[in-house]
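Under this note's numbering, think of the first position of the sequence shown as 1475, with each following residue one higher.
Rather than coming from a laboratory, the hints here were simulated on the basis of the structure.
Ideal Cβ positions, reconstructed from N, Cα and C, are used throughout, including at glycine.
Be a bit skeptical, because a hint or two may be false.
Stated by the list, open to error - Quick list of in silico lysine to any residue cross-link-like pairs, SDA-like style, CA-CA up to 25 angstroms:
(1) K1545 - A1499
(2) K1545 - Q1483
(3) K1526 - A1551
(4) K1526 - D1476
To be verified - Label pairs and their in silico Cβ distance ranges:
(5) G1623 - A1680: 38 to 46 angstroms
(6) P1789 - V1624: 36 to 44 angstroms
(7) M1659 - D1476: 56 to 64 angstroms
(8) G1478 - L1664: 48 to 56 angstroms
(9) E1518 - D1749: 49 to 57 angstroms
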Amino acid sequence: LDLGLPDAQGLDGLRQLLEMPSGAAVCVLTGRTDEHLGVVAVAEGAQDYLVKGQVDGVLLTRALRYAVERKRADENARRLREVELRQAESARLERGLLPQPLMTTDQVAVHTFYRPGRHAALIGGDFFDVVQTHPDRLDLIVGDVCGHGVDEAALGVELRVAWRALVLAGVPDDEVLPALEQVLMSERRLQEIFATVATVRLDLDANRATVRLAGHPPPLLLSGGRVAPVSAPGGRLLGVRPRRPIAYDLEFDTDDWSLLMYTDGLIEGRVGAGDERLDVPGLSGLLDEPDNRSVSLPELPAWLVGRAERLNGGPLADDVAMLLVSRGGGR
């Protein structure tokens, strides 16, 4: 690029060229009396400069080759920086989506698990939380905002924080999910965005639970050597024709039980070469397999994901979040 053109004098032509989305490397040409403009041009974004009257074929070839390589290096550095920024943003969002359980009781143990899908390892909208508001009372939530990326993750963080605030504030149980739906509908960027949620209120003294589902797959109860989905009414998705989820009371028959809450990324993987999905019955079948009897409870979520990925023939496409709450300390 000559810095002395009839329609562009000095750096004006360079600035116009750099605004174009071509991604071309730019080598500027200056006069002997304007060599300082070459230095300024490089500072403005050009890759190199040449001085008229001091250029031969060899120097021109080498300068252009180096300019192209510098442009490529600059682009690679820019992309690397963008990746680092996305990773840092994802890490901040992950801390918001996946908090430490807020509990002090030793009557139950809670094991958490999260793994992003294969979409460039970006965090999605899956979230969970555990809050103890009474010595014998524990509240749990697992949720999933539709979509992938930072917008959905940010909305998931808002929903989780709102749920924790509502529970800690002592809002009546039947009002918590409708209030959460109001947050979703006011904060979502598109009307098509919805969320699924499963909540559990554990009454440890009475050894019972209250389950509410809003379009979410049911928790699995592991007790007495058996695995069964909790038969709570499914309820509507949050953000789609608002309606209060129906509460379902679950009585535990023993003091040795586990309750597995999970997002649908765990059950949407394929099983075999067709389109059949793992789904809830398939997940129950995995937990019934004889070779899982030696798996400890802290290892169980990762074990399930490993088995689901083997059946899927590769990594699961969606994010997976799990909460495993256990009483009795069994396997």
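To see whether the hints hold, each was checked on the structure:
1. Among the hinted pairs, K1545 with A1499 is consistent with the structure: their alpha-carbon atoms are about 5 angstroms apart, no more than 25 angstroms.
2. In summary, the hint linking K1545 to Q1483 is supported, as the alpha carbons are separated by about 24 angstroms, within the 25 angstroms threshold.
3. Restraint check for K1526 and A1551: the C-alpha separation of about 31 angstroms exceeds 25 angstroms, so the hint is violated.
4. For the proposed pair K1526 and D1476, the alpha carbon gap of about 9 angstroms is at most 25 angstroms, so the pair holds.
5. A beta carbon spacing of about 42 angstroms between G1623 and A1680 agrees with the range 38 to 46 angstroms that was offered as a hint.
6. Remark: the range hint 36 to 44 angstroms for P1789 to V1624 is contradicted by a beta-carbon distance near 21 angstroms.
7. Between M1659 and D1476 the CB atoms are about 58 angstroms apart, so this pair conforms to the stated range of 56 to 64 angstroms.
8. Restraint check, G1478 to L1664: a C-beta distance of roughly 51 angstroms satisfies the suggested window 48 to 56 angstroms.
9. Between E1518 and D1749 the beta carbons are some 55 angstroms apart, a value that agrees with the proposed interval 49 to 57 angstroms.
When each numbered hint is compared with the structure, violations occur for hints 3 and 6.
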